[in-house]
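Please build the complete structure, drawing on both the sequences and the hints.
So the sequence lines, in the order shown, correspond to chains X and Z. The first sequence runs 48 to 307 under our numbering. The second sequence runs 78 to 573 under our numbering.
No lab work stands behind these hints, which were simulated from the structure alone. Note that the structure is a prediction, hence the values are computed from the model and not measured. Among these hints, one or two may not hold up.
[As the list claims (entries may be wrong)] In silico DSS-like links for lysine-lysine, alpha-carbon gap of 25 Å or less:
(1) X:Lys289 x Z:Lys515
(2) X:Lys289 x X:Lys274
(3) Z:Lys152 x Z:Lys255
(4) Z:Lys498 x X:Lys120
(5) Z:Lys495 x X:Lys156
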Amino acid sequence: MDKMIRVYQCEDTVDGILSAIYDAGISGYGHEYIRIEPQSPGYTTNRTLFSEYITVQTDSGKKDSVIKAVRSKISWKAYAFMMNALASDFSDRGDVVYRFVAYGFTMGKQVCEALQLPCVKRIFAINRAVQNEAHYFNEFLRFQEVAQEPSLLLGVIEPRHHVIPNLMQHFGERFISEWFIIYDKTHQEAAFHQADGSWELRLLTGQEAKKLEELTEKQEEYADLWKTFFDHIAIVERKNQKLQTNMLPLHYRKYMTEFH
Amino acid sequence: MVLQEKAGIKEKLAILADAAKYDVACTSSGVSRKGEKGMLGSCEAAGVCHSFSADGRCISLLKILYTNECIYNCKYCINRCTNDVPRATFTPEEVCSLTMEFYRRNYIEGLFLSSGIVESPDYTMERICKTLHDLRTIHRFNGYIHCKAIPGASPELIEEAGWYADRMSVNLELPTAKGLQELAPNKSRSTILTPMRQIQNGVEESRLALGMKGGNQSAYWYTQKRIGRALPGSQNGQIGSRLLHGTSGQEKEVTKEADIIQPSKATALTKWENRDISRGFVPSGQSTQMIIGASGESDYEIMAVTEALYRKFDLKRVFYSAFVNVNQDVTLPAWNTQPPLRREHRLYQADFLLRYYGFQANELLSEKRPFFNTYLDPKCDWALGHLEEFPVEINSASFDTLLRVPGIGVKSARRIIKARKTGNLDFEALKAIGVVMKRAVYFITCQGKMMYSFLKIDEDYITRNLIDKEPDVMKGYGEKVTYRQLSFFSDSEMSG
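In structure tokens form, the structure reads like this:
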């Protein structure tokens, strides 16, 4: 190889990866020689000889300018693809987004349909994985009332990807006049929604997370009624456990009222 | 008869969920409505499933009967008046609080309210209207409501319910009038088709006055429009009946009766001034359901009736319910036979072919071949009978041609059309697009080549491979890879 691979090592966050994409993009070094490597806590670098390593400083200004460029020079759909990919848990997402954006700047909005290109195929698949997971939680998330006057609803999930922003698009509108919390146990983050107001997403401290988990221990009358309904709505003559498991995989059932 | 008048809400819920479970349509699709401050809920056009019961069917709505008391004696029905079963009746308040509290906890997408017929059709319909009225106006519920129109109820009450409900349905019960006469002596074709026609006219009027908000068109309508066929609707009565008679050969009684009820020119909706019209009238349209396997109809007759319903009554969906002999009635098929689930499945597959793929009933079945193939789905079956139309070249075929290829659905056909604008597609790209290769592979080429050189376009060869658990195509994958990997990222199916 005549040219060294250049590895941009960055923080494992949306801001970090987009800052790396910004730096890599303006370097003009050549797309095929660039790798983006997000470094999660506890990550040990597997350094290779003959590569150049660059540590990226996270900078929200750089993030904003990448986002602005993608929206205006490619499309809003490309922007959605990019943000969903960044919300995912796949370790290749930095690289995939970099290549996708690079193609996008030359191809324009058509890039989202060009499934022949490996990076588009991959970002499409990642996008689908994130959206499918979010959709599953739109369906299977269960709230319980943990306080009254005013009523407060709490729902717990254990997703693979960061799906809360996706979920809030759905629940923020549907339960617009409710106070509610969606708690993501995997990533220790939660969305807090104010009745008729805004919502915020933030990382939780260990104590806050513990408090939320204690709240879910209470039993509810309506949960009991729901289980009654759930048991009686099935037709015995048509029992089909395999179909049920296909449609509602076991790992989603952990926090579902009707399976407790 | 046990009357559980003082039963608690839990006992009532158990009885009335049990009594409602044989109703099939638990869908929450067809209408999109945003949340509003001060109200609870919103609606998603694609519908949302919330759980899956032990029989694997989707639970989207709180599906209950208002009461399971009934003055009728339909032979197939668990709630018929001669049965000795526990009976219960909700109050409107109970239904409202169950709906609201379940909805807030994200258990359900809305309410599906049906009822046994207590006292009279009008009395029953009036109780349903009162419940829906309270739910919408007192409890400010903005989620999905599906309610049954009770056959024989007065038009005023049907209209009243339609202003609160998103979807309404009148059960056809049995595919033919003869079957209905034998098994449901208190119901007649005309008491079923009259409210169906009224709702259809109401939806059309609402759509004219309010646009898309007043009710969107059905998938069947869009498909007919795309292909350039006559559109369904009461205005198209003549074309509809020509098609019906053309396809059937022998006239079926349902079509004759459907012709008797001519589209009325009179205004269907009379309550515009004093009702909340912001949601429109039955904006998600109407559906119906019929029992499969209780009387002796063929699949061909069932599909012809289905097509007539889509064309002449502009239905959104027709549902099929495999017959379960709950009453062990001697005039019905033996109680110890399994419900005809495979047959029901084939009918649903064919139903999708009518609504989304532009197939017509007489393309799939005929007088001479009146039943679906048990081993092959209707689309594969059709393709095998029309091998002269294959293989199809992925990089140049039209949308409608792609849609007729087994393994290619509406979504993947759309993706193919878009993707090939940016460059030629190969088989790897088709996998990413979501094409089911194990079926498609016999029927397609990419840039003139089939995926494997050993594939043959031969009816026996393809049939054997489609049915075989280890078909020839496996050779192309080598030992380690199985088909399962293909479905890894496939879209979740959202219909219920």
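25 Å limit on alpha-carbon distance, applied to hinted pair Lys152 (chain Z) and Lys255 (chain Z): Measuring from Cα to Cα gives roughly 14 Å; hence the hint holds.
Agreement of Lys289 (chain X) and Lys515 (chain Z) with the hint, judged by alpha carbon distance not exceeding 25 Å: holds (22 Å)
Given pair status - Lys156 (chain X), Lys495 (chain Z), alpha carbons within 25 Å: This hinted pair holds, its Cα atoms lying about 12 Å apart.
25 Å limit on alpha-carbon distance, applied to hinted pair Lys498 (chain Z) and Lys120 (chain X): holds (20 Å)
Restraint check for Lys289 (chain X) with Lys274 (chain X), where alpha carbons must lie at most 25 Å apart: holds (20 Å)
Taken one by one, the earlier hints all hold for this structure without exception.
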